[in-house]
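2 protein chains.
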Amino acid sequence: MYALGMDIGGTNTVFGIVNREGTVIGSDSVKTQDYPDLEEYVNTVSSKIKALIEGAGISFDDIAGLGIGAPNASYYTGTIEKAPNLPWKGESIPLAELFSKQLSGIPVKMTNDANAAALGEMTYGVAKGLKHFIMITLGTGVGSGIVIDGKMVYGKDGFAGELGHLIVDRSPEARLCGCGRRGCLETYCSATGMIRTARERLQGVTINGSKDVYDLAMQGNADAIEIFNETGRRLGQALADMVVFSSPEAFVLFGGLAKSGELLLKPTREAMEESMMPIFKGKTKLLVSTLKDADAAVLGASALVWQ
Amino acid sequence: MYALGMDIGGTNTVFGIVNREGTVIGSDSVKTQDYPDLEEYVNTVSSKIKALIEGAGISFDDIAGLGIGAPNASYYTGTIEKAPNLPWKGESIPLAELFSKQLSGIPVKMTNDANAAALGEMTYGVAKGLKHFIMITLGTGVGSGIVIDGKMVYGKDGFAGELGHLIVDRSPEARLCGCGRRGCLETYCSATGMIRTARERLQGVTINGSKDVYDLAMQGNADAIEIFNETGRRLGQALADMVVFSSPEAFVLFGGLAKSGELLLKPTREAMEESMMPIFKGKTKLLVSTLKDADAAVLGASALVWQ
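Chain order of the listed sequences is A and B. Anchor point for the first sequence: position 26 equals 662 in the numbering used here, and the numbering is continuous, going up by one each time. Anchor point for the second sequence: position 300 equals 936 in the numbering used here, and the numbering is continuous, going up by one each time.
Bound-form chain A, shown alone (with noise of 0.2 angstroms):
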């Protein structure tokens, strides 16, 4: 059998057929701004899944179903509600219906984004064998994902697991976040928070995206290895706050920040031990993903089949 898995982000739309290994073997991807049509959108992307698994030589009847990840989609109504970055309007978006309507009525099933990462290195990555663990992916946003006792932590409504969104600075000059309030975690960690960090603190350079602060950073720059000292700290405490909660084995960290190494991680790790409650000390590791990028989204999303 073969599962299906889906990644649906404001910029691409990536999909691709997994077997039960987890190795990719056909995938194709459509630019979601491309499609402002939602009807349209679900007929062009469900043709090139059918080209897909007719070019593997295989049919539905292999397709044990179809795992999608996507920004507030939530796991129990197979919708997406008010997600600010897609292109289709409307409060609620029933995307697991439409698909499974198009794709020979298949199974679906949605989660977000940072959910189906989690599932991707529970089932084939660095997470294997966890039973408590906390994905948190550093893309333009700071997603999470949740998993106690070898399950995803949904909470009552699919939303639960937003850990992006943990206050980190309370006071009034705090940062402003998409998401309408101020001094949320993403807006200091994120690719996006660091970068607003870079522009602030190096006057002169011109910063195009993290990478910039990265290199400057790896080339001695001590301001840029200060504002990854100082994302690593903020990052570090809120970690720490997030153990009181589910006291985890591990965080495993994903996405473009992530692969800084220790210009991030040293400063991360740190800052998580010297602010630990004291019963938690020395007792959380902190992993990076050893996903491939290319694959990790449409892994991760094809995993919520097996669950």
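A portion of the hints provided could be inaccurate.
When chains are identical, the list treats them as one kind, so a pair holds in a single copy or across two.
[As the list claims (entries may be wrong)] In silico lysine-lysine, DSS-like type, Cα no more than 27 angstroms apart, as pairs:
no., residue 1, residue 2
1, Lys718, Lys767
2, Lys737, Lys928
3, Lys718, Lys919
4, Lys745, Lys919
Simulated from the structure, these hints should not be mistaken for lab results.
With chain A's structure known, arrange chain B on it following the hints.
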């Protein structure tokens, strides 16, 4: 069948026999601090429990087990780890084993006191029927018990749910906490924390307990009312942060401060809703325990037996 319940606190150890319907059919207590010798403590309490059983006209064959709620108790090992307010020395005290030996070998389960309270509310109180809720005990400290999908969250080591130690003030002048860090929720929102605030604000007034602040507020003292507002505001903001973790249906408040009614609940509810991430707004109830004080601790601990 019956269950035994025991609550071990820094001041008192309370224990009793509970029937399947949740009625405490007999109870007794000792002063914990009167027994610095662990063996003498276990022997005395066990004798009193045997007397209760005899007095009720039942035998050990009718007892399904003993549940113990105690600070820093681990569910997995049945031990108490480094509890600062208990009189016994040693890193790890195997209380479950010691009591089982004295009580005809009945099964003994332990968890921390706030987790026991959560089980009590779920089995006999306002959380009956809820699948996702967080218990917050506002006493000498702030304790918590997290229930997700109808199950207690214990984490990798049995110590999950220490939400009283979320850091709510990261400034250097934040209050010092018993855990050795600064700015923990419990330094502001426990009864002790509110007394600290009152002593800072109410010059020339002797404050012996949180009841004094309550009485002043009920008499219309503006400063005392503002102390409740501020305590509620801090608590509400922290509750909003907890919501992004597990998206609970409700918080259940218990303990001395929770009995202050709308004086505390109104500012708490307002701050919680105001601080809430938009997708969670208006979805989380703020409930107050309805279990009788005298019975709640024993009932909660006894509920461990039926899990």
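Item to check | Broken hints, by number | outcome: 2
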